[in-house]
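Let the hints inform the model, and build the full structure from the sequences given.
There are 2 protein chains.
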Amino acid sequence: MDYKKTAAAIKADSFKMASLSRKTRDLALQAMIDTLSAHKDEIFAANEEDLKQAALDQLPMPIQNRLKFDDHKLSDCISGMKDLIAMEDPLFQELLKRKLDDDLTLIKTTCPIGVIGVIFESRPDALVQISSLCVKSGNCAILKGGSEAARTNRILFDLLYKAGTQAGLPKGFAALIEDRAGIDELLKCHESVDLIIPRGSNQFVQYIMANSKIPVMGHADGICHVYVDKDADLQKAVPIVIDSKTQYAAACNAAETLLVHRAAADDFLPALAEAAGSSIEFRGDTASQALMACTPAKDSDFETEYLDTILSVKIVDSLQDAVDHINHYGSHHTDCIITENPETAQRFMSDVDSAGVYQNCSTRFADGFRYGFGAEVGISTGKLHARGPVGLDGLVTYKYKLFGNGQIVSDYASGARSFKFEDIK
Amino acid sequence: MDYKKTAAAIKADSFKMASLSRKTRDLALQAMIDTLSAHKDEIFAANEEDLKQAALDQLPMPIQNRLKFDDHKLSDCISGMKDLIAMEDPLFQELLKRKLDDDLTLIKTTCPIGVIGVIFESRPDALVQISSLCVKSGNCAILKGGSEAARTNRILFDLLYKAGTQAGLPKGFAALIEDRAGIDELLKCHESVDLIIPRGSNQFVQYIMANSKIPVMGHADGICHVYVDKDADLQKAVPIVIDSKTQYAAACNAAETLLVHRAAADDFLPALAEAAGSSIEFRGDTASQALMACTPAKDSDFETEYLDTILSVKIVDSLQDAVDHINHYGSHHTDCIITENPETAQRFMSDVDSAGVYQNCSTRFADGFRYGFGAEVGISTGKLHARGPVGLDGLVTYKYKLFGNGQIVSDYASGARSFKFEDIK
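Protein chains in written order, with the UniProt record's numbering: chain V, 1 to 425; chain H, 1 to 425.
Since the hints were derived computationally from the structure, they do not count as laboratory data.
Treat the hints with care, as some may be off.
Below, in silico cross-link-like pairs of lysine-lysine (DSS-like), each with a Cα-Cα straight-line distance of 27 Å or less [claimed, not checked]:
no., chain 1, residue 1, chain 2, residue 2
1, V, Lys420, H, Lys73
2, H, Lys425, V, Lys108
3, H, Lys188, H, Lys213
4, H, Lys99, V, Lys236
5, V, Lys99, H, Lys73
6, V, Lys97, H, Lys236
7, V, Lys230, H, Lys16
8, H, Lys236, V, Lys99
9, V, Lys73, H, Lys99
10, H, Lys108, V, Lys82
No experiment lies behind these values; they were computed from the predicted model shown.
Dropping the structure here:
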């Protein structure tokens, strides 16, 4: 496979994809739903093979769990696709329509980014979600899934590809890369690929960024914090901290560090330790060691994404100390304050430099489905373009169309003509 | 000067800047207008010194011209600042307000990017424009201007800085770097600086991108095209091509290449050559050499930004050939079709992968002022975040605020609770 040629052909098709009507794209999504439902037994059989191999290879249990694609996962996928069909078209939206002068009209209109390379981990449902988001947003997708899900990904891709092209999508609307070496080839295709979305470890994302000229949207780390303020309702704080840490410890939006205001610590930390029992391993600073059973935290603990049921704990003297700690050690993903004081919450939300700033709820809510986006291609911790869970909005850009009738700039520079600047609603 | 420390202090102030009211930011802009007006003689005197030195140093005339800061430039700056004051606040805009469940409300709200480093060329008016845009959008600005404008930049900065801080902006709202070495120091401050906007040569922008972990927004090149279609009105085409090339040949939005449909070439090229006279040096492909006086174009001509009154010319067989040429050789900046056929124009605008796609008007319209943005910090040829002329919109990002009352994800995962997803208008 000549990646540069393939990518160039996909790029050429991306312009066809960009001009398809909403109807064609939605019908393609419906055809994809239909084919997944019709062939679910074959999909599950392929997944069984992947699962058997994973067990033989003794892959870690979290990976084996993520690999599973069953009736429950399929119906989640289909429900997300139905949501996407129902959603407003992200394309052809006029963000601005301005009369610059008579017969000179500027229209800022949304359009797809073009060709998006997505590299994702073991979950086969990610392939379905990402493909669907790209179809709805008019982007071509080059997909690379985890090798442990190879059989499931292959049948899912084949079904979606056949349904999509039969429903009128161009041949290049999607492609599947099946070998690891293909990632490095993809990274060289900066003339054809507009964006790479890597999902995986921090190290992997850094590798992608260092080895490609293609813009990368992704997150580097998920070091999320819960700060229990002096005005916290401890009845809320205890379950929120436990949920943020344990509901799915391997997720990027799980909390890694608990910050507690000194005035709340005496009451809160023992209550938390009792409620958590053995479900959380605490690593505390000196002050918190006196209040709960925990191992001593090193400074490096506060910059670690455990991906496990370990929580570092630190007692702080003020809101400002908590904010400073989060901005310094955090990864600008999602951070939560527990407080009943609305002004304190407002200041926390303004000063914490993260994509998600929460009051009185679990950090685990940071997710495209839970935000009502239908699906997500990932979560961005960058501040440009898209931030937080990335749904359809993050997959479109815009262009400026200017319709004239012979106008030249000399006439405006000389003062012979002047701009009118009237926005057209 | 310890750049990392200075940048960290500015970063700390960026959170104060982010929470200022619109009123404070607008009053600061008004104070800046007042001080510029009150001290204009001193500004012009400093500029005279810069101009004298530039003449002694025999700097190229285009640079000497750009360096000039006179009554005309000042009144343009002030008019842009007044426009900014009148504009809607780009901050605190609710892009989405959604009830996820009872007492669980998601608000997607605009906020500043934070700390922006801007490196600009000889025009001192750029300092005023960029500072104003950053104040209106609540960003802190670290500015580095051209050394040939050092005296003008220094007095402009001192006046703006004093007026801004007296009007209530934090001390770190702006800083001026005065030595070339400061650029490399700035590039190392990825922990404090959120975005670099370089304005300068392609080579310079590439250097910045290769030497910093900080995201860069800018344009690499300005290779803009005018395509004269077979359905063109040649009466419009001639002045548009001449204006696109000659109205300001050193600008990034000046045309570098003219593409002409074979069916229009016989009539058009001789007419263009006659109208242009000696104002344009044409470099044509073999077919166009037969129709007009021109030197032969090499393939490299079509990938050259001349920054001069030179225009490469190529005859093409179809709209598709023109589109393919533009997407291959262009820089995704601004490209224009001259045609009376609306369907042809629509296809050109859909298939040309550029920030600006024009019909029947000069490429020189690609500019923040001419789009009615008040000012611009630059023009982006990237497709992510901001595209085309970048005004206030490109200087803000957003964050997701989630207000809860103790909600945890376990309850939604188990089915004990379910999301309501009601958008609040």
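Structure-based check of all given hints:
Under the criterion of a C-alpha separation no larger than 27 Å, the hint pairing V:Lys420 with H:Lys73 is consistent with the structure, at around 21 Å. The suggested pairing of H:Lys425 with V:Lys108 holds, with an alpha-carbon distance near 24 Å, which does not exceed 27 Å. At roughly 8 Å between alpha-carbon atoms, H:Lys188 and H:Lys213 fall within 27 Å of each other, so this suggested pair holds. For the hint pairing H:Lys99 with V:Lys236, the CA-to-CA distance comes to about 20 Å; that is within 27 Å, so the pair holds.
With a C-alpha separation of about 26 Å, the suggested pairing of V:Lys99 with H:Lys73 holds against the 27 Å cut-off. With a C-alpha separation of about 24 Å, the suggested pairing of V:Lys97 with H:Lys236 holds against the 27 Å cut-off. With a CA separation close to 23 Å, the supplied pair V:Lys230 and H:Lys16 stays within the 27 Å bound. Restraint check for H:Lys236 and V:Lys99: satisfied, since their Cα atoms lie roughly 20 Å apart, inside the 27 Å limit.
Using a Cα cut-off of 27 Å, the hinted pair V:Lys73 and H:Lys99 holds, with the two alpha carbons roughly 26 Å apart. For the proposed pair H:Lys108 and V:Lys82, the alpha carbon gap of about 24 Å is at most 27 Å, so the pair holds.
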